[in-house]
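The task is simple: from the sequences and hints, build the whole structure.
The residues making up each chain are set out below.
There are 2 protein chains.
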Amino acid sequence: MITIMTVSELTKAVKDAKNKNLTIGLVPTMGYLHEGHASLIRQSAVDNGLTVVSCFVNPTQFAPGEDFESYPRDFTRDRKVAEKAGATVLFAPDVSEMYPENYNTFVLACGVSEVLEGLARPTHFRGVTTVLAKLFNLSRADRAYFGQKDAQQVSVVEQMVRDLNFNTAIIRMPIVREDSGLAKSSRNQYLSDTELQEATVLKKSLDLAHDLIRSGEIAAGKIKAAMTEFITQTAENARIDRIDIVDNTTLADVETITSTVLIPVAVYIGKTRLIDNIVVPV
Amino acid sequence: MITIMTVSELTKAVKDAKNKNLTIGLVPTMGYLHEGHASLIRQSAVDNGLTVVSCFVNPTQFAPGEDFESYPRDFTRDRKVAEKAGATVLFAPDVSEMYPENYNTFVLACGVSEVLEGLARPTHFRGVTTVLAKLFNLSRADRAYFGQKDAQQVSVVEQMVRDLNFNTAIIRMPIVREDSGLAKSSRNQYLSDTELQEATVLKKSLDLAHDLIRSGEIAAGKIKAAMTEFITQTAENARIDRIDIVDNTTLADVETITSTVLIPVAVYIGKTRLIDNIVVPV
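Protein sequences appear in the order of chains L and R. Going by my numbering, the first sequence opens with residue 167, and the numbers climb by one from there. Going by my numbering, the second sequence opens with residue 167, and the numbers climb by one from there.
Bear in mind the hints are in silico, worked out from the structure with no lab data behind them. Fair warning: there could be bad hints in the mix.
Only some residues are given here: those of chain R computed to face chain L with a beta carbon under 7 Å [said to hold, decoys possible]: (1) T271; (2) F272; (3) A275; (4) G277; (5) M326; (6) T415.
These numbers were taken from a predicted model, which means no experiment stands behind them. We put the CB at the ideal spot given by N, CA and C, even for glycine.
Pasting the structure below:
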């Protein structure tokens, strides 16, 4: 694995790979790699001749007051995780390399980015699509790998790729979990031992929703109420931010469940906001 | 030359060319091709193994009330002009092929798109950059050719390419003119014989500005006043929309001329809005 810090070196590495007719896989990350990222890298290494892992805490997807400054970083560890999982290039640019002086261009995938997480974070997905448009062009990736944990993010990226005719296939990979059921996340390291235990309510509440739908419940309101009751009664330090039941394709709110739904939850455990989701086929 | 109407056929033609290691040139047009377009196509045919000419009146760059519906179209003639100039692929998609149902993604090159033409047409350049991002991805062009007549458009596209790291070099080609000096334009066909004569005031006013700067005038206000007086006294049916003197790189307004300036003019001749410009190196 080689580590690259500049756009010009990445461009050269990509050109060399293209000249060798290698396919290119991209795993875009904000670093602090965990088993979820590693699963994406391993899949890319199986599918492609060159696997580029980008490691870039992207400022444009954080709003003022969010955790851009304090977002966890551990580049030494990231290098080991990426290499072990099969990355061939680790791309870790400075902010000034990605957003030089006078930078002023943005990509907006409207609609699907304006619901759910987009409501509370109106500029978040604009930052995501902008940096991914750059990374897709820089890496000239044949395939890019995303985790289902950020389900809405994958839908937003799929829309951008479809609408702007990017030549990159989006590969959506399953959520990787701790033995406790807790979805792997870079932000889990903020949690105390007690909070780590309490954080398992996210997945458990999703399992409850799954079971209710399987047993015939079609009223989204009743399911959300049951999830809310379960979370608040089970975890003292949990504060529900959002529970949604939406159409799995359009992400539009669903009242009566008649087709496959996505159920995303966002819950504060102490000061840490965690997300998880489940898709329930109907 | 082959004519292609669909995205899937274009993707296949581009893939075939890439497999043969041909470089690809793109000449994006709204059709109604004239000698200006032909000069771009000829240059692309010299530089590249495959030249894609797109012929698409792009609805997203017209505002309500502008001339999208009445914009001149003559596809039979366009095919002849493109083929004669050396195009290998003519891409002429329907609107539904470029903007299918639920299309909702946009590219914004802020700053340079918000001055000059962008002031009166606030959504125009968003449409331009969006359709060009699509065409760059679809054609996988190594080079794309633009006429200096739309000087601001070229600057906006250059910014998008630089900021989003597109792998397409932007080639800026000189304005092609009638013997009278009038810049070639698809909209010239709206003009009566009298108006065609009067339309020559655009270039003549630019020559006047050039001569004033060459003879030492550095006050932009005085130059604009002289141009205004010349145009209104020379052409009865001329109504000045804009005369600007801006920095040639940033397109920022200039009061005292100390570096190379771009002087764009927009003048109505009768009901037709014509544009022209000159770059004066300082």
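Right, here's what the structure says about each hint:
{"no.": "1", "hint": "T271", "verdict": "holds (4 Å)"}
{"no.": "2", "hint": "F272", "verdict": "holds (5 Å)"}
{"no.": "3", "hint": "A275", "verdict": "holds (5 Å)"}
{"no.": "4", "hint": "G277", "verdict": "holds (4 Å)"}
{"no.": "5", "hint": "M326", "verdict": "holds (5 Å)"}
{"no.": "6", "hint": "T415", "verdict": "violated (10 Å)"}
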